[in-house]
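Hey, can you work out the whole structure from these sequences and the hints?
Here are the chains, one letter per residue:
Protein chains: 2
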Amino acid sequence: VSLFFDNAKILVTGASGFLGQHCVNRLLGNCPSLHIAVRNKSDSVRSGIVEHCADLRVPAEAERLISQVRPTHLLHCAWATTPGSYRHAPENIDWLYAGVALVRAFGEHGGKRFVGVGSSAEYDPSDGPCSEDATLIRPASLYGQSKAALWAATIACAHRYGFSAAWGRVFLPYGPGDAPLRLIPSMLAALTASKPIEVTDGGQVRDFIFAPDAAELLVELLGAEASGAYNIATGRGVAVRDVIELIAARFNAHHLVRFGAVARRPDEYSSLVADMKKVERTFSWRPSMSVESGIDWVLKSAENHAIS
Amino acid sequence: VSLFFDNAKILVTGASGFLGQHCVNRLLGNCPSLHIAVRNKSDSVRSGIVEHCADLRVPAEAERLISQVRPTHLLHCAWATTPGSYRHAPENIDWLYAGVALVRAFGEHGGKRFVGVGSSAEYDPSDGPCSEDATLIRPASLYGQSKAALWAATIACAHRYGFSAAWGRVFLPYGPGDAPLRLIPSMLAALTASKPIEVTDGGQVRDFIFAPDAAELLVELLGAEASGAYNIATGRGVAVRDVIELIAARFNAHHLVRFGAVARRPDEYSSLVADMKKVERTFSWRPSMSVESGIDWVLKSAENHAIS
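One line per chain: the protein sequences are C and P, in this order. Mind the numbering: the first sequence is residues 1437 to 1744 in the numbering used here, read in order. Mind the numbering: the second sequence is residues 1437 to 1744 in the numbering used here, read in order.
To be clear, the hints were calculated from the coordinates, so they are not data collected in a lab. Keep in mind that a hint or two might mislead.
To be verified - A few chain C positions that, by computed beta-carbon distances, are all more than 10 Å from chain P:
1) 1442
2) 1464
3) 1477
4) 1484
5) 1504
6) 1516
7) 1528
8) 1584
9) 1591
10) 1638
11) 1660
12) 1689
13) 1719
14) 1740
To be verified - Covered stretches of chain C, as calculated for chain P (at least 3 residues, CB under 8 Å):
15) 1534 to 1545
16) 1592 to 1606
Quick caveat, the model's predicted, so the values are computed rather than measured. Ideal Cβ positions, reconstructed from N, Cα and C, are used throughout, including at glycine.
As structure tokens, this is what we get:
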């Protein structure tokens, strides 16, 4: 990775978020100038990193950040992600509007390379695996609509200012740093305490990706020149039920899992899996973890934390 | 039309523009409260119209306009349209960014129905006639990219604020009010003066629509509740050469037309024609003019102007 970033001044937004922190880990030590933007000041900042505080839902703050840092490379990870509410949170519109201001300011201040974190929620996956340039963009959620609109605006800004831009559509990330209310952490918490956990029927098929793998591909995108959208996924569909049973088996706790106790969301697709042909054509990146090994990693890590 | 707008407060932006003026003509007398936004103050404003001056490339002016008028219905026609330069004019980004501010303010102030003027330039027409929900959105020009991005942002804002929104993708409008530098007016000017005119080979097939017909369909959209994109076109493809020859024939001036003297733009599609099935399923509207009768209308109107 290092060679890509020899003369780069990189800015990562959402750097304390789930994917942002893995991207920072990946970049740290591989670039001469690493700037991060976070909402709230950190207690301590690792050496090699310059931290900036900004509320990037406010256009003027987004513009100020860019004019102060003047990054050559911008990795835009910041967005509303509160489990349960982010899909329809009104602040998605703030992220969209201020996002356009951010991307525009990046162009106005001479930015060269933009990578934004998109989502599988932008696709209509009714016709099978989602392919970046063939599957229809028809998001069902405000989250997916706002992400899709920011990418559309980014294409225009990239054309206007002459920078190159890519968009990583992340499927279902999991792993270290995952929010406590999301599926895997909430299962671990319940089963560790020998408490029952209520879940859907679990028949939904999803493309799970280990968060450090997702970050690795996002950083690879940042170092590349290819424009366009790229799936950040593995290409393998796994039923949510299989993931749940994998974890339950490790706890010998199948009896604690109440399948079907929670209804699926009405707008949930039965299958949402990436077609990875475009990524495979363009990058040498391959996911380091299958969902089985990734979950083993998460469980081991939880055990170690419990011991220490 | 009148019944649709009984309790409406309508705001038309770009009201002095090519399509905007035909929309205003169509609305005038059919709604109790008609507000228009123009860049520069008019010398005289017709009775029944309230005029507002605003530069809608500036977000704060767009927001102020909406908070002052508080329209229930917004027909957004304003955009950069200078012949020759609008496709790649940097100000497309201003129209996009301030457009998001406008649409968002419309939602925040209780707006109910939005219709925006989109463009056939949003489509990739390689696979034949363009269908609103199946043809890929892959604009080649900054103009098309910016229009597509504003529609994507509008979808998100409509979801967020609960208004209904439609987007009229206009194909090739012509007719009264057309800018002097566009094909038909520039031909009329040259041939009236018996001067030669240089044109491309003319093999491009386009979907010409008489501007008052386009306005009629936009106003019908404004009065409807259907959400989504709709083509503003006729569904009939006509070679540009045929239009040129039609006009030349009326002047007995084939010898003045230099076909092929101008190169096609590199990003020009050989065919850009609308699939009108969705419009025909939803609306009783049909175009009143074929391109032959529309051009006759334009020529007669030019003669009358010359006589008077």
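- Measuring Cβ to Cβ, find out whether residue 1477 of chain C lies farther than 10 Å from everything in chain P. At roughly 29 Å from the nearest Cβ of chain P, residue 1477 of chain C sits farther out than 10 Å, so the non-interface label holds.
- Query: Counting residues of the region 1592 to 1606 of chain C with a beta carbon closer than 8 Å to any beta carbon of chain P, are there 3 or more?
  - Reply: Check passed, 4 qualifying residues.
- Message: If we take the beta carbon of residue 1484 of chain C, is the closest beta carbon in chain P still more than 10 Å away?
- Response: holds, 34 Å
- Task: Taking the shortest Cβ-to-Cβ distance between residue 1584 of chain C and chain P, state whether it exceeds 10 Å.
- Result: Answer for residue 1584 of chain C: violated, closest chain P Cβ roughly 5 Å.
- Query: Taking 10 Å as the cut and beta carbons as the points, is residue 1504 of chain C off the interface with chain P?
  - Reply: Residue 1504 of chain C is indeed farther than 10 Å from all Cβ atoms of chain P, at 21 Å.
- Task: Test the statement that residue 1660 of chain C is away from the interface with chain P: the closest C-beta pair must be farther apart than 10 Å.
- Result: holds, 21 Å
- Item | Separation of residue 1689 of chain C from chain P, once the least beta-carbon distance is taken, above 10 Å | holds, 40 Å
- Item | Non-interface label on residue 1464 of chain C, tested against every C-beta of chain P at 10 Å | holds, 33 Å
- Given as non-interface: residue 1528 of chain C, which should sit over 10 Å from chain P by C-beta: violated, 7 Å
- Query: Is the Cβ of residue 1442 of chain C more than 10 Å away from each Cβ in chain P?
  - Reply: holds, 31 Å
- Compute the least Cβ-Cβ separation between residue 1719 of chain C and chain P, then decide whether it is above 10 Å. holds, 22 Å
- Task: Over 10 Å to the closest beta carbon of chain P is the bar; see if residue 1638 of chain C clears it.
- Result: At about 28 Å from chain P, residue 1638 of chain C clears the 10 Å cut-off, so the statement holds.
Hints 7, 8 and 9 from the earlier list are contradicted by this structure; the remaining hints agree with it.
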